[in-house]
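Undergrad: All chains, full assembly: derive it from the sequences and hints.
Protein sequence lines correspond, in order, to chains A and B.
Oh and the first sequence: position 33 is 33 in the numbering used here, straight run, nothing missing.
Oh and the second sequence: position 408 is 408 in the numbering used here, straight run, nothing missing.
These aren't lab readings, by the way, just hints derived from the structure by calculation.
It cannot be assumed that every hint is accurate.
Here are some chain A residues the structure puts well away from chain B; computed CB gaps all over 10 Å [what the hints assert, rightly or not]: (1) Asn8; (2) Glu10; (3) Ala11; (4) Cys12; (5) Gly13; (6) Glu19; (7) Lys27; (8) Asn29; (9) Pro30.
Some chain A residues judged to face chain B by a derived CB distance under 10 Å, without partners named [as the list claims (entries may be wrong)]: (10) Val4; (11) Ser20; (12) Lys34.
Keep in mind the model is a prediction, meaning the values are calculated, not measured.
Virtual Cβ for every residue (Gly too), placed ideally from N, Cα, C.
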Amino acid sequence: MASVYYVNCEACGKQYYLESNLYTVVKENPEQQKLKCPFCKSEFTLKQPKGK
Amino acid sequence: MRNKDMHDYIQHLERDVPGSVVRIKKEVSYEYEIPAILQRVEDRKQNPVLIFEKVRTIGGEISRMPVVVNLFGSRARLADALDTSVHELPFEYIRREVPVPTVRVDGKDARVKDVVTTGDTIDLYQLPFVTHHEMDLGPYITAGSAWMKDPETGLTNCAIIRIYVSGRRQLTVNFNAARHTNHIFQKYKRMGKNVPMLVVVGHHPAFYLGAQTKKLADEPQIIGGVMRQAVEMADSETWGAEVPIPAQADLVIEAELSTSEQAIEAPFGEFTQYYGGQRLNPVAKVTAVNHRSDAYYLDIMPGHADHLLLDAPMIEAYLFNRIKEVVPGVRGVHAPVSGTARLHAYVQLKKSNDAEPKTVIATVLSSDYRIKHVVVVDEDVNIFDDEQVLWAIATRSQWDKDLVVIPGMMGTRLDPSGDGIRTCKGGIDATVPVDGSFAKRIAIPDSVMNRIKLEDYI
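TA: Below, the structure written as structure tokens:
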């Protein structure tokens, strides 16, 4: 199965997922790569990304 | 004669096909409401073109452009656009898929040049881009045909790709490793240059059908073939005659696509009816926006018939031609909406030997990276009827003999069951033996069927 990597938005707490090309970058630089929540539109970084 | 355009086609529908166009005058938001209304219409098993005349944009204003959706949501409408019947649609597409050189027109004759904005006056938030699904990152251009010229061959490739409206003068463009657009992008990247990109939104359905071609050609010329008119082209604002734009489109956005800068894009609800996950994709800075003074904004509803059907005639035509080179007895190909019009293919065959079905399967699976499952049936099975195809599988196949499975082939990464661009493909031979040593289908005598008229009895 295709891997999707679930994350929780730091602002609203809702969950969505990343594809592998972004997850790889986040895993290497979790505090530098910004993500954007599709629900509340906040930008955030992950301290420690969760697995799939 | 000026190119026929989307307005001509909508006028034709409103005049000649009563009920095929519905205009909505009540105000709607750019966010979710247009898709919700289309969903309600589809729940009633109806599929008219919807024109929303009062749309509040992400910028907070009422858009000057009405939004048109579901233009491609009917196979009958696509056939009508090519002056043909539903069953003849792929064959008519094949007949028209020939290059017709484009023609240049002056800016004064190009309706797309009625209104031109450049530089700091560009504000994409004034346009009625739609946010479709709950987990979409934001508004997306879904009917944007992205045009990019190959720097080596000079041929222009046209591809409908999802484009996130990531700022007032910025787009973030989704790339798929398997597509021609990515090959062109990589060439510019190796040259250290950005890509001149056009996003063409809104034109006659024949224009869009032509733009789906898989031929390795200058695709605007193929569009002209399918339209049966040379496509009129005018100078772009950014690059002039070097990168011309289709003169009778409703909207053309000119942008420089960066080969070095990436940004967040997605999630986005895709043709599979699942969301593609958030990813990094290239950024495009918008340099000019051209549009008709009375432009409609065309939106395609992702994951619905409006989205799925547009590709189908091209896929069917392409596969028919590929199969015919190897197995001449092919009678028809259908990419059903039930299989997203991309992942499944039904092939109708008049076979001359029992090895042909698996040869057809191998040909189809290697011809289009998206096709994942193929069913081959006989001439007596209607490939436009899912029930008949399933019946053929149920009664004419044994999977220890008739199944083909090929793991590790190239597929679409948007298939959530795959592994990136790798997927396991397969096909079923659901045909009867060529020597006829098979049970006979039930039938009511023709003489009786021809005589019985229902109104004489009920």
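Undergrad: Are the hints correct? Go through all of them and say.
TA: Status of the hints after comparison with the structure:
Every Cβ of chain B is farther than 10 Å from the Cβ of Asn8(A); the closest lies at roughly 13 Å, confirming the non-interface assignment. Every beta carbon of chain B lies more than 10 Å from that of Glu10(A), the smallest distance being close to 14 Å; the non-interface claim holds. The beta carbon of Ala11(A) is kept farther than 10 Å from every beta carbon of chain B, the shortest such distance being approximately 15 Å. Non-interface status of Cys12(A) relative to chain B is upheld: no Cβ of that chain comes within 10 Å, the nearest being about 13 Å off.
Here Gly13(A) stays apart from chain B, with its beta-carbon at least about 15 Å from theirs, past the 10 Å limit. In this structure Glu19(A) is not separated from chain B by more than 10 Å, as the shortest Cβ-Cβ distance comes to only about 4 Å. The non-interface label for Lys27(A) is consistent with chain B: the shortest C-beta to C-beta separation is roughly 13 Å, beyond 10 Å. Under the 10 Å C-beta cut-off, the non-interface status given to Asn29(A) relative to chain B holds; the minimum distance is some 12 Å.
Against the 10 Å criterion, Pro30(A) stays outside the reach of chain B, whose nearest CB is about 14 Å from its own CB. For Val4(A), the shortest C-beta to C-beta distance to chain B is roughly 5 Å, which falls under 10 Å, so the interface hint holds. For Ser20(A), the shortest C-beta to C-beta distance to chain B is roughly 7 Å, which falls under 10 Å, so the interface hint holds. The beta carbon of Lys34(A) comes within 7 Å of a beta carbon in chain B, closer than 10 Å, and the hint placing it at the interface holds.
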